[in-house]
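Chemist: Protein chains in written order, with the numbering used here: chain A, 1 to 92; chain B, 93 to 184; chain C, 185 to 325; chain D, 326 to 466.
Everything labelled a hint here was simulated from the structure, so no lab data went into it. Just so it is clear, CB atoms sit at the ideal spot from N, CA and C, and this is done for glycine as well. Careful, some of the hints might be misleading.
As a list, the in silico PhoX-like pairs of lysine-lysine whose alpha-carbon atoms are at most 20 angstroms apart [to be verified]: (1) A:K65 to D:K381; (2) A:K65 to A:K4; (3) C:K294 to D:K421.
Partial chain D-side listing against chain A, Cβ under 8 angstroms, derived [to be verified]: (4) Y371; (5) V374; (6) L376; (7) K421; (8) I434; (9) G449.
As a plain string of letters, each chain reads:
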Amino acid sequence: MTVKVRFFARFRELFGGDIITGISPGTSFMGLIKEIAGKNREGYDAIFDENGAFREFVILMKNGKRIDCTSATEISVADGDEIAVFPPVAGG
Amino acid sequence: MTVKVRFFARFRELFGGDIITGISPGTSFMGLIKEIAGKNREGYDAIFDENGAFREFVILMKNGKRIDCTSATEISVADGDEIAVFPPVAGG
Amino acid sequence: MIAIQTEDVDIGQLINAAKKRSTGAVVVFDGVVRDDDIREMDLEAYEEVALKELEKIAVEAQSIHNLCSVDIIHRIGRLAVGENILIIVVSAGHRKEAYEGSRFIIEAIKAGVPIWKKELTRDGSRWVPGEHAHGSGAVKH
Amino acid sequence: MIAIQTEDVDIGQLINAAKKRSTGAVVVFDGVVRDDDIREMDLEAYEEVALKELEKIAVEAQSIHNLCSVDIIHRIGRLAVGENILIIVVSAGHRKEAYEGSRFIIEAIKAGVPIWKKELTRDGSRWVPGEHAHGSGAVKH
Numbered sequence: 001m002t003v004k005v006r007f008f009a010r011f012r013e014l015f016g017g018d019i020i021t022g023i024s025p026g027t028s029f030m031g032l033i034k035e036i037a038g039k040n041r042e043g044y045d046a047i048f049d050e051n052g053a054f055r056e057f058v059i060l061m062k063n064g065k066r067i068d069c070t071s072a073t074e075i076s077v078a079d080g081d082e083i084a085v086f087p088p089v090a091g092g
Numbered sequence: 093m094t095v096k097v098r099f100f101a102r103f104r105e106l107f108g109g110d111i112i113t114g115i116s117p118g119t120s121f122m123g124l125i126k127e128i129a130g131k132n133r134e135g136y137d138a139i140f141d142e143n144g145a146f147r148e149f150v151i152l153m154k155n156g157k158r159i160d161c162t163s164a165t166e167i168s169v170a171d172g173d174e175i176a177v178f179p180p181v182a183g184g
Numbered sequence: 185m186i187a188i189q190t191e192d193v194d195i196g197q198l199i200n201a202a203k204k205r206s207t208g209a210v211v212v213f214d215g216v217v218r219d220d221d222i223r224e225m226d227l228e229a230y231e232e233v234a235l236k237e238l239e240k241i242a243v244e245a246q247s248i249h250n251l252c253s254v255d256i257i258h259r260i261g262r263l264a265v266g267e268n269i270l271i272i273v274v275s276a277g278h279r280k281e282a283y284e285g286s287r288f289i290i291e292a293i294k295a296g297v298p299i300w301k302k303e304l305t306r307d308g309s310r311w312v313p314g315e316h317a318h319g320s321g322a323v324k325h
Numbered sequence: 326m327i328a329i330q331t332e333d334v335d336i337g338q339l340i341n342a343a344k345k346r347s348t349g350a351v352v353v354f355d356g357v358v359r360d361d362d363i364r365e366m367d368l369e370a371y372e373e374v375a376l377k378e379l380e381k382i383a384v385e386a387q388s389i390h391n392l393c394s395v396d397i398i399h400r401i402g403r404l405a406v407g408e409n410i411l412i413i414v415v416s417a418g419h420r421k422e423a424y425e426g427s428r429f430i431i432e433a434i435k436a437g438v439p440i441w442k443k444e445l446t447r448d449g450s451r452w453v454p455g456e457h458a459h460g461s462g463a464v465k466h
């Protein structure tokens with residue numbers, strides 16, 4: 001089972017863009033991001049606060065749809081999912 | 093003493109554009125327009141109502157500045173003045 | 185550029201010229217002859233006065249809305265459906281100023297600049313009524 | 326035309342193509358790289374998602390504001406001061422719809438489309454903070 005995790009903007013600079021990773025069944029959205037972010041202290045701190053919760057400004061998507069940060073522990077990821085993590089948008 | 097009276101849009105069609113006319117000293121704005129308009133029944137009716145007052149929508153200018161219709165009897169015209177009479181504007 | 189003229193203008197060129205170092209937003213308004221069952225439109229202006237009023241409106245808009253630049257070109261004469269009637273190009277540091285400045289200008293033109301339009305239909309013609317259908321007895325300007 | 330691309334576009338051509346028989350007003354918004362003491366700007370998008378969101382915004386704007394046509398071109402990559410970042414061209418029967426439709430689109434883009442800008446200054450770089458600096462915990466979309 002593999003998923004693609006995409007980081008953008010400042011997070012891309014910290015994590016290096018797209019990461020394709022194997023996951024075990026039942027892995028939560030939150031669990032997946034923590035596992036990846038845990039390998040990079042600066043990146044982890046950019047995304048999570050001191051209590052291990054997503055920082056308020058972090059935006060999450062699963063297959064192009066926004067996911068509420070507060071439900072990230074309940075939502076699990078499945079084979080082939082595309083997960084995106086990014087800071088506030090600034091287009092226009 | 094001569095003044096130039098300019099009609100625009102529908103009024104131009106009725107009166108034929110610019111009219112240069114001699115006036116006697118002390119002629120009022122209202123008097124001047126009535127004199128010119130009096131020669132053209134349809135034109136007169138387009139500008140004046142049944143009581144001989146300017147129709148509400150008529151716009152008057154003297155030398156490029158708007159004149160309040162209600163003061164047209166008090167304002168006199170002087171040699172070289174440019175008077176304009178036109179319907180509501182519709183530019184843009 | 186503030187002008188009343190029969191010729192069309194190159195909007196792309198106006199946009200390029202409107203960009204200053206401090207420009208973050210350019211807004212263009214292009215008023216077009218709409219096919220309200222008409223063949224053509226005939227535009228007439230009290231030119232000297234209309235030009236002065238456009239210049240006054242441009243200065244006001246620039247100062248009120250903090251614009252980097254203002255262009256207003258109002259065409260007169262015979263125009264076909266789809267042709268440009270009025271082109272307003274404004275630039276500003278930020279989008280809010282640019283949109284509001286542009287809107288300020290078009291509303292001021294509609295309200296008070298002595299220009300008239302006649303629609304030429306299949307069987308005749310009709311003068312376009314102004315949006316502010318009151319004469320000097322009612323208008324504050 | 327709805328696109329996210331590195332190339333610039335010809336705004337004059339877009340305006341001409343935006344004119345339909347029922348068009349009375351075209352409004353163009355052109356977002357430009359402003360010289361906030363920067364050399365250049367680097368733009369990045371979550372392209373597939375951003376494109377879909379631009380398409381959704383265009384459809385919404387068209388229906389809410391009764392537009393004849395909508396074009397949105399958002400550029401990405403490296404842009405110099407004065408270059409076009411975002412071009413929105415809308416046409417409508419009347420000016421109110423055109424202005425409001427245009428404004429609706431830019432505000433929706435600023436609020437939710439996954440695109441980011443990095444300003445390259447003389448001594449480094451900085452990410453432009455979004456105007457809506459909240460993540461999914463706070464945003465309704």
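Chemist: All the hints need checking, so say for each whether the structure fits it.
Modeler: Here is how each hint holds up against the structure:
With a CA separation close to 13 angstroms, the supplied pair A:K65 and D:K381 stays within the 20 angstroms bound. About 15 angstroms separates the Cα atoms of A:K65 and A:K4, which keeps this hinted pair within 20 angstroms; it holds. A threshold of 20 angstroms between alpha carbons decides the hint, and for C:K294 with D:K421 the separation of about 13 angstroms falls inside it, so the pair holds. Among the interface hints, the one on D:Y371 holds; its C-beta lies about 6 angstroms from the nearest C-beta in chain A, closer than the 8 angstroms criterion.
Proximity of D:V374 to chain A holds as hinted, the smallest CB-CB distance being about 5 angstroms (cut-off 8 angstroms). With its C-beta approaching chain A no nearer than about 10 angstroms, D:L376 sits outside the 8 angstroms limit, and its interface hint is violated. Interface restraint check: D:K421 against chain A, minimum CB-CB distance 22 angstroms, threshold 8 angstroms, status violated. The restraint placing D:I434 at the interface with chain A holds, with a minimum CB-CB distance near 5 angstroms, inside the 8 angstroms limit.
At about 13 angstroms, the closest approach between the beta carbon of D:G449 and any beta carbon in chain A exceeds 8 angstroms, and the interface hint on this residue is violated.
Checked against the numbered hints above, the structure violates hints 6, 7 and 9; every other hint is satisfied.
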